[in-house]
Amino acid sequence: MGEIRLMKGNEALAEAMIRVGCDAYFGYPITPQSEVLEYLSEQDPMSRTGMVILQAESEVAAINMVHGAAGCGKRVITTSSSPGISLMQEGISYMAAAEIPCVIANVIRGGPGLGTIQPSQSDYFQAVKGGGHGDYKLIVLAPSTVQEMVNHVKQGFELAEKYRTPVMLLADGAIGQMMEKVELFPQIPRKKDSELPQEWATTGRGDRKLRNFITSLNIQPEKMEEINLHLQEKYRTIEANEVQYEANNLEGAEYIFTGFGMGARICNKAAELGRAKGYKIGVIRPITLYPFPVAIYNDVASKVKGIFDVEMNAGQMVEDVKLAVSGKTRVEFYGRMGGMIPSPEEILENFEKIFIK
Amino acid sequence: MNEHIIKDENLVYKKPSTLLDVPMHYCPGCGHGTVHKVLMEVIEEMGIASETIGVAPVGCSVFAYNYMNVDMQQAPHGRACAFGTGIKRVMPDRYVFTYQGDGDLAAIGTGETIHAASRGENILTIFINNGIYGMTSGQMAPTTLPGMKSTTSPRGRDVETMGYPLVITNLLAQLPGVAYLTRHSVHKVANVRRLKKAIMKGFEYQKQGLGYCLIEVVTNCPSNMKMSALAANEFVEQHMLPYYPLGDIKTPEEK
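Residue numbers (this note's numbering), protein chains in the order written: chain B, 1 to 357; chain W, 1001 to 1255.
Not one of these hints is a red herring.
Non-contacting residues of chain B with respect to chain W, defined by C-beta distances greater than 12 Å in every case (computed):
1. S47
2. R48
3. M178
4. E242
5. Y245
6. R265
7. K277
8. G306
9. K322
Restricting the straight-line Cα-Cα distance to at most 20 Å, the calculated cross-link-like pairs of lysine to any residue (SDA-like) are:
10. B:K223 with W:N1066
11. B:K209 with W:L1020
12. B:K209 with W:K1015
13. B:K191 with W:E1051
14. B:K209 with W:E1051
15. B:K280 with B:K353
16. W:K1196 with W:P1245
17. W:K1014 with W:T1034
18. B:K209 with W:V1022
19. B:K353 with B:R330
20. B:K209 with W:P1016
21. B:K209 with W:N1066
22. W:K1015 with B:L210
23. B:K209 with W:D1021
24. B:K209 with W:E1041
25. B:K280 with B:P344
26. B:K192 with B:G50
27. W:K1037 with W:P1023
28. B:K209 with W:S1050
29. W:K1149 with W:S1137
30. B:K191 with W:D1093
31. W:K1007 with W:S1017
32. B:K209 with W:M1046
33. B:K192 with W:D1093
34. B:K223 with W:V1022
35. B:K129 with B:Q232
36. B:K280 with B:K357
37. B:K209 with W:E1044
38. B:K209 with W:G1047
39. B:K192 with W:E1051
40. B:K357 with B:R275
These aren't lab readings, by the way, just hints derived from the structure by calculation. Even glycine gets a Cβ: it sits at the ideal position worked out from N, Cα and C.
Can you make the complete structure from the sequences, with help from the hints?
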């Protein structure tokens, strides 16, 4: 068993970065995730593992520092919250195109615009559907506990490096700010320079005769289409192999409650209250939002009377649920916006209003 | 070609081995080719090709990685100095340079340039100032001279409405993180030689960890200036150099 601590989500995220053997963190302060850089600054990871931290002049600069450093084959991460993640989209698109592994955490706050500093899930579309320009996808992990904040940093880098792609952790202000018991994994040593991937990374030519170069530019359409086809093939492989979800009480269920991250936690409680009243309710929580767990929804669709999707937004993941069930069952949505968090009782009440009465 | 005469004993001049043997896409008479060559000569002569990482911009020199046989990354428009920062911070024993045009460095990337300089990042920036957007074919740049015509200032740059040229190299001089600022040109052989010495100094200073170094190269753009190469060089001499005078602006001794 690893070390057990009581930690704030943002601090656990920062501690996990150091322990996973990150080489660098570049970021810019924004509520509700400023504790990440504060915790790192206090910890002085350079003295612990040799990890670089740097407060950039903007999120735009931060993501491009990530690109430069991760392009050297190093483990590099950044975090931000919604408006900052919007600023990073160009850089994320470049990294997806140039196949640069890295991890980006979005501790979502309510939008649109400057919005609010309260928790929200309104960046689902941005994270899952691409976000920046061009046809690309990010692997998107949605933690629902402080423990998962930690686990997903490790898993995020494993997936990023396996598929040479940026991975996004899609958390929200509540998970970032709340404190929970967390088990930390032991320190993983940072990669040595001799272990950097010589087949693509810009490490300095060393003994290689020919340079490595990283670019997302190809002005010949035939070649650019080839690159796109290669990316799409990679996404199909990811869809086939990397789906993660959690499900409970599916056996004999007449209704499915579903949501992700914080929304799913509340759904679980609401389902519990519902079962106590005699409703047969199962819960599905996607852990990977991309790749989306299409099969399980499609599977249960023919067995249940309906799926009730709850999110802290105007209804984003619900579109993917509808695509997954392909008309086989009724899918309804309930959500709160602008930093409001629905209560379990509120969810159950709305479920009854929509499905029972 | 006359391959029979290309023998070691006859050789008085050759392309540096750090420059790849592929045709360049630059227009005839353009200064980029010369600057590429001089930069690669320095890297060859200093013996640092295996430990150098370059950053190409968006602009005419976006394809610099096609010609330079050193590891390179191509940055989004304006972000080369952020790339350079990221690279140098995780690979502090490598030589890192960015190669950027005026639009890249002094318009869209002004923030990244100033902050990398202010932090005293140990990187070398080669800044190509030809007073025009070359790649997008001739729009006004932050460095376009007052009265100078471009496709977006067809009646000449009117400073009342379009603002003044940004003399960014001088602007950087007041930053304590900056070690070396110097302005050069490649329109004459003597100037090319001086540029070469400056680039060598830039890498030397980086080795010593003195701080941010930037070498501005005032040059031409014959295609978009709609001039012959010679006339474009004349224009550089007569109009650009008075506005952007050559010479050192800051040296490590003054830091």
